[in-house]
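Counting with my numbering, you get residues 2 to 207 for the letters of the sequence shown.
By construction, these hints were calculated from the structure, which means they are not laboratory data. Note that the structure is predicted; figures quoted are calculated from it, not measured. Careful: at least some of the hints might be erroneous.
Per label pair, the in silico range of CB-to-CB distance [to be verified]:
#  : residue 1 : residue 2 : range
1  : GLN142    : GLN113    : 14 to 22 Å
2  : ARG51     : ALA144    : 46 to 54 Å
3  : ALA117    : GLN146    : 35 to 43 Å
4  : HIS90     : ALA40     : 13 to 21 Å
5  : THR10     : ASP77     : 31 to 39 Å
6  : GLN113    : THR83     : 18 to 26 Å
7  : THR34     : ALA144    : 45 to 53 Å
8  : GLN142    : ARG51     : 29 to 37 Å
9  : ALA40     : PRO74     : 18 to 26 Å
10 : ASP77     : PRO148    : 12 to 20 Å
11 : PRO76     : GLU153    : 15 to 23 Å
For glycine and all other residues, C-beta sits at the position ideal for the given N, C-alpha and C.
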Amino acid sequence: MPEATPRRTARSRDAILRAALDLCAEQGYATVTMEAIAARARVGKPTVYRWWPSKNAVFLDTLQESWAESVVPLPDTGDIITDLRNWLHRFVDTLNDPLLRPIIVGILGAAQHDPALKAAIRERFHVPFRAANQVRVIAAQEAGQLPRLAPELLEDSLVAPLWYRLLVSDEPFDHADADAILAHALHRNCGGPSPGERAWGVSDGS
């Protein structure tokens, strides 16, 4: 048997993650198995188990790599409203991505019955992104672009309606909805104009 090389190992790992991504989009999170992932990636099942102990672990890495490319922490262009708007648009695009959406829904559902998975999601996604976004909001406060408030409250006001639509109501959402959410959040948390007014540089889409 040929000895594994770093390049060959990387190719196998990429193939496994891609297989998991495609299978979840095709048949849903619940029905994907480690055997199916190995078969689609054209690797042996022991190869998959060598790197991941479970299907949830495979999907966690799949999601992390895709998420890191699409949802970056809040940028700093010097204009916090533009930064929030662009960040929220990217967040909406990620939740609506036909490949990522079933993984996001599936892994969050699985995490409700798996404390270790829930802790891993918090450690890999929630904590680092929350910390980075707080730094940006605090910088905007110090620059006089936002009033003093708990940064996490602003972030929660922005993403909670989207998570609700994704996981509970299954209502569609797009960039216009994101703009409306941002206008409302700024009004409620920052004492700005009522939603629909343009003084914040964002309208409610109406």
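Query raised in the report: Should the hint that THR34 and ALA144 are 45 to 53 Å apart at their CB atoms be regarded as holding?
Result: With a Cβ separation near 51 Å, THR34 and ALA144 satisfy 45 to 53 Å, so the hint holds.
**Report entry** Whether the CB-CB distance between ALA40 and PRO74 falls inside 18 to 26 Å
**Finding:** Violated, at about 37 Å.
Query raised in the report: Does the Cβ distance between HIS90 and ALA40 fall inside 13 to 21 Å?
Result: 37 Å Cβ-Cβ, so the 13 to 21 Å window is violated.
Report task. Note whether the CB distance of GLN113 and THR83 lies within 18 to 26 Å or breaks it. Result -> violated, 36 Å
Report task. Mind checking the hinted window 35 to 43 Å against the Cβ distance between ALA117 and GLN146? Result -> Check passed, 40 Å falls within 35 to 43 Å.
Query - C-beta pair PRO76, GLU153: status relative to the range 15 to 23 Å that was hinted - result: About 19 Å separates the Cβ atoms of PRO76 and GLU153, which means 15 to 23 Å holds.
Report task. Starting from the range 46 to 54 Å, see whether the pair ARG51 and ALA144 falls in it by beta-carbon distance. Result -> Given about 49 Å between the Cβ atoms, the range holds.
Report task. Take a look at whether the Cβ-Cβ distance between GLN142 and ARG51 falls inside 29 to 37 Å. Result -> At roughly 47 Å between Cβ atoms, ARG51 and GLN142 fall outside 29 to 37 Å, so the hint is violated.
Query raised in the report: Are THR10 and ASP77 spaced within 31 to 39 Å by their CB atoms?
Result: holds, 37 Å
**Report entry** Consistency of beta-carbon spacing, GLN113 to GLN142, with hint 14 to 22 Å
**Finding:** violated, 35 Å
Requested in this report: Using the beta carbons of ASP77 and PRO148, state whether their distance is inside 12 to 20 Å or not.
Outcome: Distance hint for ASP77, PRO148 holds at roughly 18 Å.
Of the numbered hints stated above, those contradicted by the structure are hints 1, 4, 6, 8, 9, listed in ascending order.
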